[in-house]
Amino acid sequence: MDQLTSLLGGFSVALEPINLLWLLIGAVLGTAVGVLPGLGSAMAVALLLPVTFALDPTGAFIMFASIYFGGLFGDSTAGILLNTPGNSSAIATTFEGHRMARDGRAAKALGTSAIGAFIGGTIATTAVVFLAPYLATVASLFGPAEYFALAAFAFVAISSVVAESVVRGLTALGLGLLITLVGIDQASGAQRFTMGAPALFDGISIIVVTLGLLAIGEVLYVGSRIRRERSRTGTLAIGGGSPFLRGAEWRKALPAFLRGTSFGLPFGVIPVGGSEVPTFLAYGTEKRLAQRRRDPDFGTRGAIQGVAGPEAAGNATAGTAMGALLALGLPTSATAAMMLAAFQQYGMQPGPLLFERSADLVWPLIASLFLGLVILLVLNLPFAAVWAKLLVIPRHYLYAGITVVAMLGVYAIASSTLDLWLLLAIGVIGVVMRRFEIPLAPVLIAAILGPLAETELRRALAVSEGDPSVLVGSPITVVLYAVMAAAVAISAVQHLRHARRDARQRVGAR
Amino acid sequence: MRRRIPLILFSAASAAVFGLAAVDASGGGAGATPRTALTLVAPAAPGGGWDAFAREAQQVIRDEGASSTVQVVNVPGAAGTIGLGQVAQMGDRHDIMLVTGTVMIGGVAMATSGETLEHTTPIARIADDYAVLVVPADSPYETLDDFVAAWQEDPGGTAIAGGSLGGIDHLVAGLAGAEVGIDPRDVNYIAYPGGGEVVSSMLSNSAAAGISGLNEFRDQIEVGNIRALAVSAEEPQEGLGIPTFREAGVDVAMSNWRGLVAPPDISDETRAELIAIVEEMQASDAWRATLDRNNWTDSMLVGDEFGAFLEAESTRIETIIEELGL
Chain A
1 MDQLTSLLGG FSVALEPINL LWLLIGAVLG TAVGVLPGLG SAMAVALLLP VTFALDPTGA
61 FIMFASIYFG GLFGDSTAGI LLNTPGNSSA IATTFEGHRM ARDGRAAKAL GTSAIGAFIG
121 GTIATTAVVF LAPYLATVAS LFGPAEYFAL AAFAFVAISS VVAESVVRGL TALGLGLLIT
181 LVGIDQASGA QRFTMGAPAL FDGISIIVVT LGLLAIGEVL YVGSRIRRER SRTGTLAIGG
241 GSPFLRGAEW RKALPAFLRG TSFGLPFGVI PVGGSEVPTF LAYGTEKRLA QRRRDPDFGT
301 RGAIQGVAGP EAAGNATAGT AMGALLALGL PTSATAAMML AAFQQYGMQP GPLLFERSAD
361 LVWPLIASLF LGLVILLVLN LPFAAVWAKL LVIPRHYLYA GITVVAMLGV YAIASSTLDL
421 WLLLAIGVIG VVMRRFEIPL APVLIAAILG PLAETELRRA LAVSEGDPSV LVGSPITVVL
481 YAVMAAAVAI SAVQHLRHAR RDARQRVGAR
Chain B
1 MRRRIPLILF SAASAAVFGL AAVDASGGGA GATPRTALTL VAPAAPGGGW DAFAREAQQV
61 IRDEGASSTV QVVNVPGAAG TIGLGQVAQM GDRHDIMLVT GTVMIGGVAM ATSGETLEHT
121 TPIARIADDY AVLVVPADSP YETLDDFVAA WQEDPGGTAI AGGSLGGIDH LVAGLAGAEV
181 GIDPRDVNYI AYPGGGEVVS SMLSNSAAAG ISGLNEFRDQ IEVGNIRALA VSAEEPQEGL
241 GIPTFREAGV DVAMSNWRGL VAPPDISDET RAELIAIVEE MQASDAWRAT LDRNNWTDSM
301 LVGDEFGAFL EAESTRIETI IEELGL
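For the protein sequence lines, the chains are A and B, in the order given.
Quick note on numbering: the first sequence equals residues 1 to 510 in full-length UniProt numbering.
Quick note on numbering: the second sequence equals residues 1 to 326 in full-length UniProt numbering.
For reference, chain A alone in the conformation it holds in the complex:
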């Protein structure tokens, strides 16, 4: 119970009025940059570093902590409302969230996402308080072979997204894999599809792909059909609605919150692709469960679970990632890397010795993570209704605004004009895909998991000098592959049974 005493001490520092003010400022700033695509919380921390030099270390860390979570609360807002996720961690939330917004339930989707972020973050931070010393053990269990098994597992787990039309799904998946091949190969240094352009050496940013497909693609598609539709003005959806969940909605959302959190928790510790993998796993799970329930809303009007799961997963990952940063000195995301640098500026060296050496700084920081989550929830819930009013803006203005935000956001990533051309080109691809009803999600899934699977497979094989047995050389890999095989077998059996029953019904109807 030493941790509890230390944590209470931390709270007493973090609750000083001036520190609460920093916390509030950080939360607002973090949310603001999170909302804007292209400006991640890494950028926010970077820009604020000079400002925080004027503060004492505790004040600075408290501000960083609230920026860190603020970005995660903010990034799904734009995704839900405008289909322009502020960060790759919000992509999975965007799928169902934007559907809900179009159905006139924008405030509800935003509220769900805020609550999800709060629940995920709180549980994860609690886990960090009590389990920080054991995080190192989890991190040390994962080598290249385990990462590859994990990536393969994630592919299978979310394959249900692809399953509606196999050909179209695989087309989209292939397209995503193709996009990720662009760039210098990490393992050999060979250039792939760069056409000698240095701007392509680091590949195409996932933000460019996401905004191109989801935002620009949508704008162009709507533009191309504008004369065919009767109402030329009009709005995207009726805004309004309450952001607060009612009893029945809680019953739907709560299990999804918890499922999402349990996906997110372990992923923060292992430096594998940040929070995208767990958010997609959560999305895939909710989708699968919706199919089993025969929920008609999922994928059409938007289901609350599809927002709740991924959002909780994203923030749970962020919570334990903070633990990994503090207890192991492992930065598992760009923001974490930035904060690592910031901690070092103040002479606090995250790592196995941190809790002994800088206890006076760490505990207020952890306490402020909790306070930050509360403040963000309080800020975001009432604001959800205001945000949702955005959709009241007539569609043509709104779409012009989306285009501007997407273009500026992409330019802000690396000040590269080539990225803007790529954004437009991918937008056109998005139009074509919409026209031929090719699903967009598999492109993004492949773009995130593809490179992960490739690098880790090659690393594993390089270490073993090409001996494939290394891939099943540890208990973790064996368990993952076994679960995967079981899942595939079960779904195949179900498929067959359904097919047989359908056939029987058809015979019976005759």
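Accuracy of the hints is not assured; some may be wrong.
Label pairs and their in silico Cβ distance ranges [to be verified]:
1) 130(A) with 91(B): 57 to 63 Å
2) 9(A) with 178(B): 50 to 56 Å
3) 473(A) with 222(B): 29 to 35 Å
4) 178(B) with 20(A): 56 to 62 Å
5) 138(B) with 487(A): 32 to 38 Å
6) 193(B) with 478(A): 23 to 29 Å
7) 141(A) with 238(B): 35 to 41 Å
8) 193(B) with 294(A): 40 to 46 Å
9) 138(B) with 195(A): 45 to 51 Å
10) 292(B) with 258(A): 43 to 49 Å
11) 285(B) with 15(A): 31 to 37 Å
12) 325(B) with 11(A): 53 to 59 Å
Over 10 Å on every C-beta distance to chain B, these chain A residues come out as not near it, computed from the model [stated by the list, open to error]:
13) 17
14) 104
15) 396
16) 479
17) 499
Hints in this document: simulated from the structure, not taken from any laboratory.
Don't be surprised by glycine CBs; every beta carbon is placed ideally from N, CA and C.
We have chain A; now place chain B onto it with these hints.
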């Protein structure tokens, strides 16, 4: 009126992005000198090593009053060569400096196309740190000799994890291999995007050994999770408790240096002014503290001396990269 609120919010948000995106378009005003406005280009994303260096320098230059407004602009990509390309095309802009270092020379050598550091004006080499060779705590290798013996026996089976290809970690692995009679092409080098990942690969026993910056490993070495075998410094490092490669009998030395260069066509006066700014920074107490905190070694070298060093370093690194077969 209520309907307008979201519209106003939305426009404010757009204005904020625009302001940030326009950052690198600003600061080009005529009549200004580097003393009034200075831009440091960090050719890496926020959180990267060069970004940290740029922000440390920004802080000290401003606090010492060497220049009144200093901003950092990130131009990430391709081992810094994207940033290099931009600065090399800035002609005679007098208020800009690019952060550079060992990794950029490797990046230029590997890209074989695009701009090189010859198209910039050398200002100063400022600080160094070193790479260190480590093994997991339960590894059978206690000294560099143990490791080298096993490595010579089976180069392929002795995988070495390190930072990205062509970076200092990779170069040190290649040089050390060549020095102990292993064809650099046979070195089984596993590239990770950064030092943090190398640390976790050591903790998970993924590779036989790892090479990365000393800072990344320091705490893990201290608690005994990993063991340091040799450091790539030229001179013995007092108080570190890790022998240099040379002391341990392998003739390899390489430093990971950081420095600043300016656009190619600046006037001699501007160059002298930029050098003076850097010298004021380097002489300050605040910079001493910065060096200590980051475990950087002071390696100040300015103007033409730095230019000569750049040339020699480029030739050396190009040769290694060729031998490594990249």
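Against the structure, the hints:
Taken as a hint, the range 57 to 63 Å holds for the pair residue 130(A) and residue 91(B), whose Cβ atoms sit roughly 59 Å apart. The beta-carbon spacing between residue 9(A) and residue 178(B), approximately 55 Å, falls within the hinted interval of 50 to 56 Å. The hinted window of 29 to 35 Å between residue 473(A) and residue 222(B) holds, with their beta carbons roughly 31 Å apart. At roughly 59 Å, the beta-carbon separation of residue 178(B) and residue 20(A) lies within the given 56 to 62 Å, and the hint holds.
At roughly 35 Å, the beta-carbon separation of residue 138(B) and residue 487(A) lies within the given 32 to 38 Å, and the hint holds. With their beta carbons about 28 Å apart, residue 193(B) and residue 478(A) fall inside the hinted range of 23 to 29 Å. In this structure the hint that residue 141(A) and residue 238(B) lie 35 to 41 Å apart at CB holds, the actual value being about 38 Å. A C-beta distance of roughly 44 Å is found between residue 193(B) and residue 294(A), which places it inside the suggested range of 40 to 46 Å.
Taken as a hint, the range 45 to 51 Å holds for the pair residue 138(B) and residue 195(A), whose Cβ atoms sit roughly 47 Å apart. Taking the beta carbon of each, residue 292(B) and residue 258(A) are about 47 Å apart, inside 43 to 49 Å as hinted. As the Cβ distance of residue 285(B) to residue 15(A) is approximately 36 Å, the hint placing it in 31 to 37 Å holds. Taking the beta carbon of each, residue 325(B) and residue 11(A) are about 57 Å apart, inside 53 to 59 Å as hinted.
Consistency note on residue 17(A): stated as away from chain B, and its beta-carbon is indeed over 10 Å from all of that chain's, at 28 Å minimum. Look at residue 104(A): its CB is around 16 Å from the nearest CB on chain B, clear of 10 Å, so calling it non-interface holds up. Residue-level check passed: residue 396(A) sits 13 Å from the nearest beta carbon of chain B, beyond 10 Å. Every Cβ of chain B is farther than 10 Å from the Cβ of residue 479(A); the closest lies at roughly 17 Å, confirming the non-interface assignment.
No Cβ of chain B approaches the Cβ of residue 499(A) within 10 Å, the least distance being about 44 Å, so the stated non-interface status holds.
In this structure, none of the earlier numbered hints is contradicted; all agree with it.
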